[in-house]
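Asks: Protein chains in written order, with this note's numbering: chain H, 1 to 838; chain X, 1 to 435; chain B, 1 to 119; chain Y, 1 to 198.
Note that these hints are calculated values from the structure, not bench results.
Some clues are possibly wrong.
Quick list of in silico lysine-lysine cross-link-like pairs, DSSO-like style, CA-CA up to 30 Å [claimed, not checked]:
1. X:LYS78 <-> X:LYS167
2. X:LYS78 <-> X:LYS61
3. X:LYS108 <-> Y:LYS89
4. X:LYS108 <-> X:LYS90
5. X:LYS167 <-> Y:LYS89
6. H:LYS715 <-> H:LYS612
Part of the chain Y face toward chain H, derived, beta carbon under 7 Å [stated by the list, open to error]:
7. GLY103
8. ALA104
9. LEU105
10. LEU108
These numbers come from a predicted model, not from an experiment.
Don't be surprised by glycine CBs; every beta carbon is placed ideally from N, CA and C.
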Amino acid sequence: MDLTPATALPKLLAAAWLLPLASFVVILFVGKRLGPHGKWAGYVAVGAIVSAFLLSCVAMFVVWLPNHELPVTHHGEHHEEGDEHDDAPADDDHQHGTAAILQDSPLTARAGHDSPFQLAAFQEGEAHADEHAAEAGHAANPPPTYYFGDWYSLGQFGNLKLTIGYYIDALTVTMFCMVTLIASCVHIYALGYMHDELHDPYHDHEVIVHGHHLSRPGRFHRFFQYLSLFCFSMLGIVIAGNVAMVFVFWELVGICSYFLIGFYFERHSASTAANKAFIVNRVGDFGMLIGMMALWASLGTFAFGDKQDAKGQTVLTESGAIAEPGIFSQLRTAENGYRLVPPASMIAEERRHQPALEANEETLSHTHGHWLLLVAGVGIFCGCVGKSAQFPLHVWLPDAMEGPTPVSALVHSATMVAAGVYLVGRFYPAFCPEALLVIAIIGCITLSLAATIAITATDIKRVLAYSTVSQLGYMMLALGLGGWIAGLFHLITHAFFKSLLFMCSGSVIHAVHTNDMTEMGGLRKKMPITAYTMLIGCLAIIGAGVPLTPIGFSGYFSKDSIIEQAWSHAQTNGGVYWVFLAMAVIGASMTAFYMFRLWFMTFTGAPRDHHKYDHAHESPRVMTGPLVLLAIFAIAVAWPAFRLTGLLEQAQPVGTAAGGSGMLIEDLVVPAEHLSHAPDIKLRAGLAAFSSAFIGVFGAAVVYLWGYLNPKEIKQTFKPIYTLLWNKWYFDQLYNVLFIRPALFIGRQIAAFDRGVIDWFLHSCAWTVRLFSMVFDVVFDRTLVDGTVNTAANWTWDFGLLLRRFQTGSLRQYVLFIVMGTWFMCLAYFAAAFVLMS
Amino acid sequence: MASAINNLLDWLLTSWLLSGLGLSVSTDSAIGYVVAAFIHIALIINLVAVGALVFIWLERKISGRIQDRLGPTRVGGKFGWLQTLADGLKLITKEDLMPDGADGFLFKIAPYISFAASIAAFIAIPFAGGPYPWIAQHLNTGVFFVIAVLGLEVFGVILAGYSSASKWSLFGAMREAAQVVSYEVPLGMCAVVPVLIAGSMDMVVIGNQQAGFFTNWFIFHDPATFITFWVYFTCALASVNRAPFDLAEAESELVAGFHTEYSGLRWSFFFMAEYGSMLSVSLLASILFLGGWHGPIPIASLLGLTAENGDVAGYVGNLLGLTNVLFKGVVGVSVMIWIRWTLPRLRIDQVMATCLKYCTPIAAVMFLGAVLWQYNLPGRTFFGLLAAPPAMFSVDEGWEAPPAVTTEPAKPAMVEVRVEGLTPQQVAANQERGN
Amino acid sequence: MTTSLLANLLTEPPGVAHYMTVGAVMFVCGAMCMATKRNALGVLMGIELVLNGANLNFIAFGSKYLDNGGPQLGLDGSLIALFVIVLAAAEAAVALAIALNFYNNHDSIDVDRADQLQG
Amino acid sequence: MNAIYWPSVFFLLFGAMACGFALAVLLSANIVRMAFYLVMSLAATAGLFFLAGQEFVGAMQLLIYVGGTLVLLIFGVMLTSQERFVNMKTLAGDWVIGMIAGGALLSLLTAAAFSVPEWRGPERAAVENLPIEPNATPIGMGLLGARVDQIGAPADERAGMAGYLFPFEIVSVHLLVVLIGAAYLARAKRRSNPLPTG
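Could you build the full structure based on these sequences and the hints that come with them?
Replies: Below is the structure:
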């Protein structure tokens, strides 16, 4: 097989994508009969996902990496930068793009005062005067290589084209590897974790039916069936080539999460949680639909990329224009130097309103287009808010704990919540700075909010859930502040250590059969592997590492880059924008606090519940194996040696690295991402991150390890805050008051209206009709119709009676009839013949 | 003499009978018809009647010998050879009884029906072949006709059994009816085998095809025909309900079967019918299987006694053929008698089983075997050892096969065809000349 | 007139019409048998007669000794007659079986008893 | 003043027998006699067949029909061994109706028979010297699917004049079915309560 990416990648990734679907179908139809209680269904699913992972690895290491040279990353030492710009690709339109950036990048436009870029330049000294071009050079990243195409066209309605297509770039491949790897681990882990389901009947101790534990047939095979479908959907989102397809698989992911969260649907809590997740997601999807409509109505396409030929080259028209431009290349055209400029189709409306200004394009204010872009961006982001459990819609994620722990691991790390962040990253070119600001605000709120809640939670999985929310907030914050690479970087690293953490907690729960940390303690001796892998996870999530050196856990690199981005953003804009930075830092320390609180409470100290402690045991190898594997990844995945960031940089949307300036909010500037590598920023940010994390860990140790402070007293002291946090900021209650109650109220009103007015109207109509029909019945039906029919029937009856006489049943008379009949017929024939003759 | 008869009839018919109807008839052909018909009928009736006498005497002697007795010895000097005649006289002089409650008409007519049927079979049986065969009516479906008419004999038996208003008679008749009707099937199948080989149902043709040495007899044509002959003989025994198939007159159970109530002449008619049909099936067997009027050694043709050498030679040759045929028939009848006095009587179920379980399947298989043999070894005879004489390829059917049809899967029997245009009148004239 | 008719009958070859007349007589007799006999077997015999009457016509139309340039069936006549005979035998078998059943069920063979189909 | 044509004499004989015995069948009340007359009538019909030059069909008629009627007779005797069935009188009313209908039909048929002049019969000279054409082989060939009587005819006349192989096969299968069916119908049933009759 030829390994040219244009042909090989779609095949490989499609195979990797469809394998879980195949296993889903197989298990769906024959799952129950696969082995005892469907035991082999698990192996089917595991086989599918593992082979998918292998295929992804082939795509990554055999096809992608050899064919695409990694750009040298800037996340290492900053002073490499000088002798780096010469190996920036030097093709024409790139130069042109560079020039464009130079003349109308917001930075140069506002050069002279506190442009961090100039500031950095000055600090480097005059000797580096020629670095302007260089800086700008890799500030304006080249258009990323991607492979775009359609596998199958669902149909074309006007210019609305619905296709099953692919958009494959470095990000896609990376996500494929990450998702399939973690999914594989989760699958294998679940083989062990779900073995109770193999018992037939399975006794659910949390559900009481007529005073007995509910006993039902095991659902082992069904669990893996859902898992497979889940992976299939997630991979579908990752590989999707257009928004419509994204939306389809988006919903698929939603329904899968619904199934999985409600896996123990006999438990009331589980079913409600599933409903909650589903409904909350619908709210976000509504916004997403709006965004899609806005985009499609103005751009007329759903496709991400431009139409490509078999060799992966963009198809051009004779005039050299792109034949079928996708969303991104319509929004960021080379003519505009890849700046986000509302295309003519977006301004058309406005132009119609201002015919006078028809003449010259420049005088157009473009506000209309900007608003449209804002709506589109925020709309799309709404979907991401829903999926990634951002601030207004974050309430579903903690409840999603009701599902089996492997599901939580998958949902929280690789698949569902990652989908939101991934979509933001994918859509990044379409977000105008205002939209990014919204994203940043939402992310900031989310991360602080979730972190605070996580501090007080005692349910081990709940803590992890809130930490997930806050980490997602981090990612959103990074993306919103212009740190595209930082955000997605954190997405990937977080996927690893968060799944690790969840599996560890699952292992703990598996051992002690409770979620409540207050009943644990000292488990380190009982289950060392779990304990230390979890420790690794905690260190990774708090971003432990030696500051100012490329030594540390994976979280260290990603979180630091986020904070650096926040710092440079704050520096660039100043003023209120410092809040983002503050929140990020404080959130980091809170993260450290509650993570280690969790670890200390679970694994150290004296066991709080001896019965459970004695009962505890290390999990089987099938569960600890994935833990170790993931721990290794959690440590090492982000090391510069592996050039993950370089991989992401390959996929960075063109023009986004250069940041941009607000269109509606004039003084909003999204700084170019490379500016966050300025040494002073790295210095301060690194120290801030480290110190905050250290403070958090220290605090946790003081309270929960050494016990200098008694948590209960602290609770007493800050009771109002504690209750506030304990009740999760009363969000559920708030929504209950804000939405649910009103909804119910309105519903009742409407129902009353329905009964009182509509029903009354309908009933009266029905009554009238009935009356009329009764009259009609008597007047027309009974007399006319029935009369006719009855007369006909009577005639038939009489005729039948007549014929009845001939039907004597006597053979001999029949013969006579035949004879006479023949006779008369022949006679008639002859008579007729005679008449005709004469 | 013929002219005298002619004139007499001429005068009678013209002057008296037909002049009243206002038309005159030249009776040349009339006299031919009448005389020919009378001669044929006389010959056949004599054959049957005398045959009956002889066979009854023969049966008595044979049974006597078989039972270690002498049998009739006195009447007519040696061997009591006039014994049967005496019995006949006795029968004629006996009172003709008819039971009360009998259906008079049917009771009276039944023996004659049987007798007529068994005589009618002889109409189509040739006694000598050649270009001018000795045959009452030359039918080209002779075999078929004979078998059909033989089937009619049982009819009279049933009428007799029914009309005598006696249980014994009725049972006997029922038995015979069932027996004969079911035995007609294998009988017909067996008769079809030689027809298949000859490619004609014309018994003259069949007989002529077996001309020459005995190796050309159809019984030796191939194994199938060999077995078929014996099956045929068995079925013939049954269809003329001779022992061991004579359940119709099982003395031990039914007093005398269908002719319990009969006496005197009518009774003797039944017997004549029985022996007549015995003879006819034997003749049929001899013509179908045993070469008919051709002896084991073709003396007639060796001596040049054929029609080519003049009518007299042909006549003498036909006489030889007649003796051949009759000899074979008598031998057949004697074997029947022999069997009767040797084998015990079967039960009715055994009879039926013999027919349905053995004779019919064997006959069917033999038919198939004959077909395959004929298809694979056309033109061979004597179990395929010898080449068949050209006569075997000639079929005397009036219809001429044009080349167009030979593309059809043509039976070897139709390879070479001669046309013989004979109207009934000419046939009759031939008979006349022959006599 | 009668004389000349008889003369023609005696001196002229019979034609299709004569055969048809005989067939008609047999046909009518058969039909009348079916119509008048109360004995099921009588009805069967009537059927046989009817079939023979029809057959006679086929034979007549198929025979070339009766042909006078009128419409002719040729070989078809005898073939159809053959089929009629064979099928008539089959029909007789079935009819007899039916009659036998009827006799078993009603122990009678009076067709007038078989009038359950009376309207 | 021409000579008697003896075939027509025989025709008169056989025809008279056929018609007479058919009438006898119609008129006699005794089932067994009816059967007897029937056989006679059929035999006469066979004679008519012979006279028409159809020996094969005639022989067939004798074999099958007479055989079949023989069976008929047997059944008749078996069934009607009880006296009450032997003589089943026909009602006078039936006679009247039957005679009317029959007469009408007969007149109609005879009229139809003599309505076509070509059917009156051929010229004596035309048929007197016709050769005897045995028709067993053509019938056999026709049943095998080859129409030897059509060989001379031009193609358009022969179109659709295929042989009778297919009907032959159908009839054979039909016969088999009939045999089985008859055996099934006529099998002895042990019926505890006979159907309500009448």
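Asks: Hint by hint, say whether it matches the structure.
Replies: Do the hints match the structure? See the list:
Note on LYS78 (chain X) and LYS167 (chain X): the hinted pairing is violated, with a Cα-Cα distance of about 42 Å set against a maximum of 30 Å. A C-alpha spacing of about 12 Å is found between LYS78 (chain X) and LYS61 (chain X), which places the hinted pair at or below 30 Å, so the restraint holds. A C-alpha spacing of about 24 Å is found between LYS108 (chain X) and LYS89 (chain Y), which places the hinted pair at or below 30 Å, so the restraint holds. Restraint check: the Cα-Cα separation between LYS108 (chain X) and LYS90 (chain X) comes to about 20 Å, which is no more than 30 Å; the hinted pair holds.
Of the pairs offered as hints, the one joining LYS167 (chain X) and LYS89 (chain Y) holds, with about 25 Å between alpha carbons and a cut-off of 30 Å not exceeded. For the proposed pair LYS715 (chain H) and LYS612 (chain H), the alpha carbon gap of about 26 Å is at most 30 Å, so the pair holds. Evaluation of the GLY103 (chain Y) hint against chain H yields a violated restraint, the C-beta minimum of about 10 Å exceeding 7 Å. Given hint, ALA104 (chain Y) at the interface with chain H, holds; its Cβ is 5 Å from that chain's nearest Cβ, closer than 7 Å.
Given hint, LEU105 (chain Y) at the interface with chain H, holds; its Cβ is 5 Å from that chain's nearest Cβ, closer than 7 Å. A cut of 7 Å between beta carbons decides the hint on LEU108 (chain Y): the least distance to chain H is about 6 Å, and the hint holds.
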